[in-house]
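In case you want the letters, here they are:
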Amino acid sequence: MILDAKIPDGPIQDKWSNHKFRLKLVNPANKRKFNIIVVGTGLAGASAAASLAELGYNVQAFCFHDSPRRAHSIAAQGGINAAKNYQNDGDSVWRLFYDTVKGGDYRAREANVYRLAELSVNIIDQCVAQGVPFAREYGGLLENRSFGGAQVSRTFYARGQTGQQLLLGAYQAMLRQVELGRVTLFPFHEMLDLVVIDGAAKGIVTRNLITGEIRSHAAHAVLLATGGYGNVYYLSTNAKGSNATAIWRAYKRGAFFANPCFTQIHPTCIPVSGHYQSKLTLMSEGLRNDGRVWVPKQVGDKRPPDQIPEDERDYFLERKYPAFGNLVPRDVAARSIKEVCDEGRGVGPTGMAVYLDFADAIKRLGRHVIEERYGNLFEMYERITNENPYHTPMRIYPAVHYTMGGLWVDYNLMTTIPGLYALGECNFSDHGANRLGASALMQGLADGYFIIPYTIGDYLAGLGFEKVTTDHPAFRQAEQEVHERTKKFLAIPGKRSVDEIHRELGRVMWDYVGMARSAEGLRNAIDRIREIREEFWRNVRVLGRDDHLNESLEKAGRVADFLELAELIAVDALLRNESCGGHFRVEYQTPDGEALRDDEHYAYVAAWQYQGDDQPPQLHKEPLHFEYVKLSQRSYK
Amino acid sequence: MNLTLKIWRQPNAHTRGQLVTYSISGVSPDMSFLEMLDVLNQQLIHKGEEPVAFLSDCREGICGSCGLFINGRAHGPLSGTATCQLHMRAFKDGDTIVIEPWRAKGFPVIRDLVVDRSAFDRIIQAGGYISVNTGSAPDANAILIPKSAADAAFDAAACIGCGACVATCKNASAMLFVAAKVSHLAYLPQGQPERRRRVLNMVAAMDREGFGSCTLTGACEVECPKKISISHIVRLNREYLSAVVSDEAD
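Protein chains in written order, with numbering that gives the first Met the number 0: chain A, 0 to 636; chain B, 0 to 249.
Since the hints were made in silico from the structure, they are not lab data.
Just so it is clear, CB atoms sit at the ideal spot from N, CA and C, and this is done for glycine as well.
One or more of the hints may lead you astray.
To be verified - Here are the simulated distance ranges between beta carbons:
#1 B:T216 / A:R302: 45 to 53 Å
#2 A:S634 / B:S22: 57 to 65 Å
#3 A:F464 / B:K104: 54 to 62 Å
#4 B:L18 / A:E480: 51 to 59 Å
#5 B:T216 / A:W536: 52 to 60 Å
#6 B:G217 / A:R302: 57 to 65 Å
#7 A:Q614 / B:K91: 27 to 35 Å
#8 A:E317 / B:S22: 49 to 57 Å
Produce the complete structure using the sequences and hints provided.
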């Protein structure tokens, strides 16, 4: 099968405009004849559900939360990028495009990235019109700040809670459509399978998490907006419920999985403190605007930070990358932090941390300015660590944060299954091998507000108006499989809890498929993952029944899927004999320890096709062409 | 730390619940409250007992999923703190901790410590938004908003919808939740055209859902993990009165 990304012809500036004109339209009076399922109600899902309903389609929106407002997009702290150039500092659509392609280490599609930069401008307009309370200057204009990897101030923010405010905007827009009868909400519902009829997506099977009812839902198209799969590592900054089940079921029904090994490790998280730890907390990258990262120059220097004199400190990011300093992109910062900790210069009780110090900024700007900018983050840090960052530097360490891999989609955001779309973090597009700060919110909203409303029409216009129902036997069969799988979890007469096994998987993933990967480690990881998977199906213990709220049962299903996805991640990482972005293979580095790409052999998207549980997946390659941003070694020096 | 936990166990909405006593040892002061419950649940699973059901997701105090009544207080003993951000250092070795779900007619119990808060979504649905379709917005800087208004709107918009205000109110009133949204949108120029209709519809929806009346005791403000001010309730009352007496309210 040849992967056709359907990238429009013509100069990159005109591709999206030309494409929109060529896409087929659905007559307004006919839109109500189409049903669309949206799974997930974060930024991508809620914005898509609202926008499609506004156009006149019938939308059914599903989330496993008690309310759509809980989606993990809500936790994003830093901000959202847009090439508005309000600050007159040289920003432009072209620069955002350039920064994103380069930041992604040349593993993203140019056409997609350009479109994202182009749409970024409309997103801010839309959100402001919805009443998102972005930070403002005294003159009433919007304020901006600079953010990881960018030398211009293009990040719009709402204190440290930008994700929350953007999500509430999209959620409110969606609920307005609920009131108007165009969106039907299904909270506490988890998608457990995709139904494919004659090769096209026609519906989903869900479990009602309260009653346990397994039910089919039919539609003309299915949109997955289910977020990332970083929880395959057990510890991550993702919410506890974030999972891969929906996209993994889609993969098993024929959707290709692209670049699974591209995982972003975020440099500034609160370090792990004990074995009971359930998740990691991010400290916004925005902090690196004013915070300085350092460790002692001496290995094993255990003095408290205030007793280490200035000339015995190593501000290693400023030293190594003078042009960008503490603002280097996430992959570069994360690797540097690991490096100094591996040298034995890490700080704190575990030695797995570096300082993020605000003393200079407080001296320069005054405490109240820092409080205004980061107050809630400082408070959150203090709550977790019991240390006051106004007085003693924060301790930070990298943690799994975002997955750039996901379902393969073409320029229209359609997967390899016709009628199945993937939006936001659950698709692979736009960020390449590394995501720049404040770009995730941008992509989720671009997909939902401004791309899918156009591209889905092209598919639906070609369908005809035949009603879709759940009468087809494919629905019965999928329901049956979901039932059997649920019963199977409950019947395993094992001893270990789901969490214990998940934690074990996470450890293997972090050690061998984490910040630095080697061929040997990856082969070892694949063996270990298989062992853990085997143990899971033999020795897991899930109590309770399937006809009531049963959180262990929910987790069991998700972890079972993580155990399969984990292997695909390791296989993908093993095959990519280069280092790029968040994928760092120790065998491939420059003499000074930077990621060494191999553009001749690996400038492609790796798209994996499921071949059956007993068969290795088949690799398809979508070659990447760089016409506008010339391939070059990334440098932030 | 060693602790005694008295936890509300209730199989479902139709069965009576009761407090069940558990003892737990080896609790670290650095654990979050929910991590302590995770540890308890692991122990229960090993003993063959069903784990205690409770909701949580982001565990960073922002998604609003969590919320437990701890020793008679919503989200526990600290002010301005969601349950997931409460750490065990707030307790002492040997303490007995009573853990219950939110108790309010508007929030029926689903199981153990999990309640149904979908009433909040229906209140927002009744008018807690600005009616603007995708794609028709003017340039963002065409709408000037004084910094003070943007900041005040943000303060109100910080509500995470956890329901602590309802849980702690003796009348199980949802006024702080509704006030926060009404206030957020009323501060902004974009929110003006629908201002009156919004407040009337939202208040009507709140009453329909079975939440009680507000008698301004201020308990909601005390327990709100986002420190949302009761002054928003005053504002809501003003907005409501002005809408009621206005001819424009349609």
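> How does the Cβ-Cβ distance of Q614 of chain A and K91 of chain B compare with 27 to 35 Å: does it lie in that range?
Replying inline: violated (58 Å)
> Is it true that the C-beta distance of E317 of chain A to S22 of chain B lies inside 49 to 57 Å, as the hint says?
Replying inline: This hint holds: roughly 52 Å between Cβ atoms.
> Honestly, do L18 of chain B and E480 of chain A meet the 51 to 59 Å range at C-beta?
Replying inline: Taking Cβ atoms as reference, L18 of chain B and E480 of chain A lie about 40 Å apart, which means the hint is violated.
>> I want to verify a distance hint. Is the separation of the beta carbons of G217 of chain B and R302 of chain A within 57 to 65 Å?
In response: violated (47 Å)
> Should the hint that F464 of chain A and K104 of chain B are 54 to 62 Å apart at their CB atoms be regarded as holding?
Replying inline: violated (45 Å)
> Regarding T216 of chain B and W536 of chain A, is the given constraint of 52 to 60 Å on their beta-carbon distance met?
Replying inline: Given about 54 Å between the Cβ atoms, the range holds.
> Could one say that the CB atoms of S634 of chain A and S22 of chain B fall in the range 57 to 65 Å?
Replying inline: Given about 59 Å between the Cβ atoms, the range holds.
> Between T216 of chain B and R302 of chain A, is the Cβ distance one that fits in 45 to 53 Å?
Replying inline: For T216 of chain B and R302 of chain A the Cβ distance comes to about 51 Å; the hint holds.
The structure fails to meet hints 3, 4, 6 and 7 from the earlier list, while all remaining hints are met.
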